[in-house]
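Novice: Sequence:
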Amino acid sequence: NVNLGDIFLEEEAESLEAVTVIAENSTIQQKVDRKVITIGKDLAATGTASQLMVGIPSVNVDAQTGDISMRGNQNVRVMVDGKLSNIPTAQLLKQIPSTAIKSIELITNPSAKYNPEGMSGIINIVLHKNTMVGFNGNLNVGVTHEKEA
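Each residue of the sequence shown is one higher than the last, beginning at 1 in the UniProt record's numbering.
Think of the hints as simulated: they come from the structure by calculation, not from any bench.
Using N, Cα and C, we set each Cβ at its ideal position, and we do this for glycine too.
If a hint is listed, it holds; no wrong ones were tucked in.
Okay, derived cross-link-like pairs now, DSS-like style, lysine-lysine, Cα gap no bigger than 27 Å in a straight line: (1) Lys-102 x Lys-31; (2) Lys-41 x Lys-129; (3) Lys-83 x Lys-102; (4) Lys-35 x Lys-102; (5) Lys-113 x Lys-35; (6) Lys-35 x Lys-94; (7) Lys-83 x Lys-31; (8) Lys-102 x Lys-41; (9) Lys-41 x Lys-31; (10) Lys-31 x Lys-129; (11) Lys-83 x Lys-41; (12) Lys-102 x Lys-129; (13) Lys-129 x Lys-83; (14) Lys-129 x Lys-35; (15) Lys-83 x Lys-94; (16) Lys-35 x Lys-83; (17) Lys-31 x Lys-113; (18) Lys-83 x Lys-113; (19) Lys-94 x Lys-129; (20) Lys-129 x Lys-113; (21) Lys-94 x Lys-41; (22) Lys-113 x Lys-102.
DEER-style ranges, computed between Cβ atoms: (23) Ser-58 x Lys-129: 22 to 32 Å; (24) Gln-29 x Ser-69: 17 to 27 Å; (25) Ala-13 x Gln-95: 49 to 59 Å; (26) Asp-62 x Thr-99: 16 to 26 Å; (27) Asp-62 x Glu-10: 52 to 62 Å; (28) Asn-109 x Gly-142: 34 to 44 Å; (29) Ala-63 x Gly-5: 52 to 62 Å; (30) Gln-51 x Glu-146: 29 to 39 Å; (31) Gln-30 x Asp-81: 16 to 26 Å; (32) Asn-73 x Gln-30: 16 to 26 Å.
Kindly produce the complete structure, drawing on both the sequences and the hints.
Specialist: Laid out in structure tokens, this is it:
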């Protein structure tokens, strides 16, 4: 035990002129043909688009395969900024950082414009402008080791 003696604290108060509180939460907006989820900082901190999709209502992401389904049906098209991609959906969602996503549009009843034959819906990922300038990357490594008995 060490005795430090009496320690005295002095009060010093300061008044601030103004305080501004800014919050950015995710919002869901129902439109005529789609549901638009605006991604706030609360959801943007999740990591990748695949991880972000876990928190989106009506959307399920398989943790093992990364396959995506909407309202229980896996026949879903995923577009980025309104354009289809040739990259497999699971891989595409792992490559997009959640901080680059501005909003996600769930189109559960696609019009003929999207060639909806047999489709259960479309997920359109809208990116912030100019966030993809430069290089983005993702590296996954796996190792399997078997020992003979």
